[in-house]
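A.B. asks: Numbering (this note's numbering), first residue to last: 48 to 96.
Honestly, the hints are just simulated from the structure, not real lab data. Computed from a predicted model, the values in this text were never measured in an experiment. Idealized CB from N, CA, C, for every residue including glycine. Please note: incorrect hints may appear among the correct ones.
Unchecked claim - Pairwise CB distance ranges, derived in the manner of DEER restraints: (1) Thr-50 x Gln-81: 14 to 20 Å; (2) Glu-95 x Ser-59: 18 to 24 Å; (3) Ser-92 x Met-48: 14 to 20 Å; (4) Glu-95 x Ser-60: 23 to 29 Å; (5) Gly-61 x Glu-95: 17 to 23 Å; (6) Phe-78 x Ile-57: 17 to 23 Å; (7) Ser-60 x Gln-81: 15 to 21 Å; (8) Glu-52 x Asn-87: 17 to 23 Å; (9) His-91 x Ser-59: 18 to 24 Å; (10) Met-48 x Gln-81: 17 to 23 Å; (11) Glu-95 x Val-64: 14 to 20 Å; (12) Glu-71 x His-91: 18 to 24 Å; (13) Val-90 x Lys-69: 16 to 22 Å.
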Amino acid sequence: MRTFEAYVRIESSGYIVKTVIKAENSQAAYFLLQGQYGQNNVVHSPREI
């Protein structure tokens, strides 16, 4: 597992926050974030840290 960070929008409040997620690759991290925060709420693509 690798660690990624990305910026996502919190739909209820409109805030943009940085979040950290563990996944096999950046595409998997992106899909996990879409599932957690909604399809159009991933503001910045995940990058490995």
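A.B. asks: Could you run down the list of hints and mark each one as holding or not?
C.D. replies: Tested hints:
no.: 1; hint: Thr-50 x Gln-81: 14 to 20 Å; verdict: 18 Å, holds
no.: 2; hint: Glu-95 x Ser-59: 18 to 24 Å; verdict: 29 Å, violated
no.: 3; hint: Ser-92 x Met-48: 14 to 20 Å; verdict: 18 Å, holds
no.: 4; hint: Glu-95 x Ser-60: 23 to 29 Å; verdict: 28 Å, holds
no.: 5; hint: Gly-61 x Glu-95: 17 to 23 Å; verdict: 27 Å, violated
no.: 6; hint: Phe-78 x Ile-57: 17 to 23 Å; verdict: 19 Å, holds
no.: 7; hint: Ser-60 x Gln-81: 15 to 21 Å; verdict: 19 Å, holds
no.: 8; hint: Glu-52 x Asn-87: 17 to 23 Å; verdict: 19 Å, holds
no.: 9; hint: His-91 x Ser-59: 18 to 24 Å; verdict: 20 Å, holds
no.: 10; hint: Met-48 x Gln-81: 17 to 23 Å; verdict: 18 Å, holds
no.: 11; hint: Glu-95 x Val-64: 14 to 20 Å; verdict: 19 Å, holds
no.: 12; hint: Glu-71 x His-91: 18 to 24 Å; verdict: 20 Å, holds
no.: 13; hint: Val-90 x Lys-69: 16 to 22 Å; verdict: 19 Å, holds
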